[in-house]
Amino acid sequence: DDIMAYARNVVEKEIEKHAADGLARVDYALGSGGAAVVKHSEPYVVGKGNWWTSMRNGVHSDADKMLRPSFGEPGQCFPLKGSSGFVQIKLRTAIIPEAITLEHVSKSVAYDRTSAPKDCRISAWLRRVHDQDLEVHTEKRFLLAEFTYDLEKSNAQTVTVLDSAVSNIVDTVRLDFTSNHGSPSHTCIYRLRVHGHEPEAVSVMAMHLS
Amino acid sequence: DDIMAYARNVVEKEIEKHAADGLARVDYALGSGGAAVVKHSEPYVVGKGNWWTSMRNGVHSDADKMLRPSFGEPGQCFPLKGSSGFVQIKLRTAIIPEAITLEHVSKSVAYDRTSAPKDCRISAWLRRVHDQDLEVHTEKRFLLAEFTYDLEKSNAQTVTVLDSAVSNIVDTVRLDFTSNHGSPSHTCIYRLRVHGHEPEAVSVMAMHLS
Amino acid sequence: DDIMAYARNVVEKEIEKHAADGLARVDYALGSGGAAVVKHSEPYVVGKGNWWTSMRNGVHSDADKMLRPSFGEPGQCFPLKGSSGFVQIKLRTAIIPEAITLEHVSKSVAYDRTSAPKDCRISAWLRRVHDQDLEVHTEKRFLLAEFTYDLEKSNAQTVTVLDSAVSNIVDTVRLDFTSNHGSPSHTCIYRLRVHGHEPEAVSVMAMHLS
Ligand SMILES: [K+]
Ligand SMILES: [K+]
Ligand SMILES: [K+]
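Protein chains in written order, with the numbering used here: chain X, 1 to 210; chain R, 1 to 210; chain U, 1 to 210.
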């Protein structure tokens, strides 16, 4: 009886986690939550038509696919040209980042996984919106994580932020990938999530005063 | 062995229920099933642009979000201005209502849950479409349920219809909320579902003849 | 302890399968993977408006709904007029087909299941795109499967390809249904999936040379 109650409990917990976006962690890079892709390397577009006709303010219309759940569907990704490139994301709000999740399509339904990113680097900073002229000079960039996306592990892979970056407030995150898993033509980003917490009012003030 | 078979059985049942819209109950307020929001209090819209440009026949284009699954995504809701308001829904067809489910976003992925509705009241009636001039006079309204949405419970909360309303046929349901969980600016409705069954042909006839 | 570890393992495996499109099998008919409906019998459209205004190149705008996940939602289907009809699908790429899955909406959330297809027949062939004038003469059609969709079984029903069709390469699949589960007006196709594998480069060459 105890075992059966335990089994049912495990099931309910796991399904709850699955239903809560798979990880049950808040994602500050979620598109429907207000985050947006603001800059990226050249997109990869198949078929006729010029990719720049799908651009708006320098961002391709497919870019936001990487800020939305894929629900296990192949194709629900943002494809970038070549085996290296980058994507820059404005978060929903300024946060203290704790972890990053990079997700590709599940092995069991993928047609081909050579387009998965491999060597990745995540950096972040806080834009100084009130000092736009000085932006480049005043914002301080942090390296949040460096990792390799592993095709043998679970398709959503979470890395913890480096100690050196802990407790900094950021509102912009950038993924640079320097290699992929074999495709010479393109690299697909299915989803990038940014986990963390919002700073307490007092620490925001401290930061502004310092 | 029995225990293992039992465990597997529990898992399969629970996943089936999860896959069947989370509750495995028919929803007569589902948008893709033909239901629609027909009236609501003032919507809450952030950013520039006037909200009335997104209105069509008095209904905001975001209204139908509350008649669609959210799949655990924050932001997939219909936001209304202030801490009180209402939404009126034309069901897919006339039914005998049995229960109502009000759903907010899951605690584990929410940025903020102060916008969840709190004190709620559900009423319902049958529109007299053939007597449009007399509509207000001939339709009888029923109170289906009064309840408080509880942030500590599961995010989809189901209440049974009051005894006083049992076995009445209705095709329109209205949610009035008189408070929320703290947000002064807006209240988000993620999803409202209406469960019940369609009347037998004979009882529909009886009703029309009576 | 062993039992508990086993229970947890079962749960994780089943949720992984559920998250991987329910079956954890590659689907070469998936719309977001590049497949498309290319031909079908007369669509069923409710309400005013003429159905042919929603046609483009002879294909209704709702047709691709049958090449997308339904996520348990009633209404996410392609409705065809009457109790018999057909749909023809160009696959993402040429494959050696192994199995077909026909899916209807889950019993527990359905308003009505009389519109489910019943007696079905799946055939397939390889289009000869380089010999368009001769197309009809040169392509060889294979019967992949004949089966009856059973309302009592799981809502996604998979049938294995007939021995007679095994190891043929095809890129087009056609579903013919000759009956449904009772609706006189229409038949709904929620989803058709085509499972199999891509031919090795060597066998493709062998085929072209032979
Ligand atoms: K995605
Ligand atoms: K929703
Ligand atoms: K579908």
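The hints are simulated quantities; they were obtained by calculation from the structure and are not laboratory data.
One should not assume that every hint holds.
Note that identical chains are pooled: a pair holds if it fits in a single copy or bridges any two copies.
[To be verified] Lysine to any residue pairs mimicking SDA-like chemistry, simulated, CA-CA at most 20 Å apart:
1. Lys90 - Val38
2. Lys39 - Ala5
3. Lys107 - Glu198
4. Lys118 - Val59
5. Lys13 - Leu23
6. Lys81 - Ser32
7. Lys118 - Gly182
8. Lys17 - Ser154
9. Lys107 - Ser32
10. Lys140 - Ser84
11. Lys153 - Ser32
12. Lys90 - Arg113
13. Lys140 - Ser179
14. Lys107 - His195
15. Lys81 - Gly34
16. Lys13 - Glu152
17. Lys13 - Ser108
18. Lys17 - Pro69
In this text, all values refer to a predicted model and were calculated from it rather than measured experimentally.
Check Lys17 against Ser154 for me: Cα-Cα at most 20 Å, and say if that holds within a copy, between copies, both or neither. both (15 Å within a copy, 12 Å between copies)
Have a look at Lys118 and Gly182 and pick one of within, between, both or neither, based on CA distance no larger than 20 Å. within (9 Å within a copy, 44 Å between copies)
Between copies, within a copy, both or neither: which fits Lys140 and Ser84 at Cα up to 20 Å? Neither: 24 Å inside a copy, 43 Å across copies.
Up to 20 Å CA-CA - Leu23 versus Lys13, copy category: both (11 Å within a copy, 16 Å between copies)
Please sort Lys17 with Pro69 into within, between, both or neither, judging by C-alpha distance up to 20 Å. The answer is both: 14 Å in one copy and 17 Å across copies each meet 20 Å.
Is it within a copy, between copies, both, or neither that the alpha carbon of Lys140 lies no farther than 20 Å from that of Ser179? Result: close neither inside a copy nor across copies, 26 Å intra and 43 Å inter.
Within, between, both or neither, where Lys118 and Val59 count as close if Cα-Cα is 20 Å or less: Neither, since 23 Å and 40 Å both go past 20 Å.
Reference check for the pair Lys90 and Val38, CA-CA at most 20 Å: within, between, both, or neither? within (6 Å within a copy, 36 Å between copies)
Under a CA distance limit of 20 Å, which applies to Lys13 and Glu152: within one copy, between copies, both, or neither? between (25 Å within a copy, 15 Å between copies)
Under a CA distance limit of 20 Å, which applies to Lys107 and His195: within one copy, between copies, both, or neither? Cα proximity of Lys107 and His195: across copies only (15 Å, versus 24 Å in one copy).
Are the CA atoms of Lys13 and Ser108 at most 20 Å apart within a copy, between copies, both, or neither? Between copies, since 12 Å is at most 20 Å while 24 Å is not.
Between copies, within a copy, both or neither: which fits Lys107 and Ser32 at Cα up to 20 Å? Classified as between: cross-chain Cα gap 16 Å, same-chain 26 Å, threshold 20 Å.
Consistency with the previously given hints fails for numbers 2, 4, 10, 11, 12 and 13, ordered from lowest to highest.
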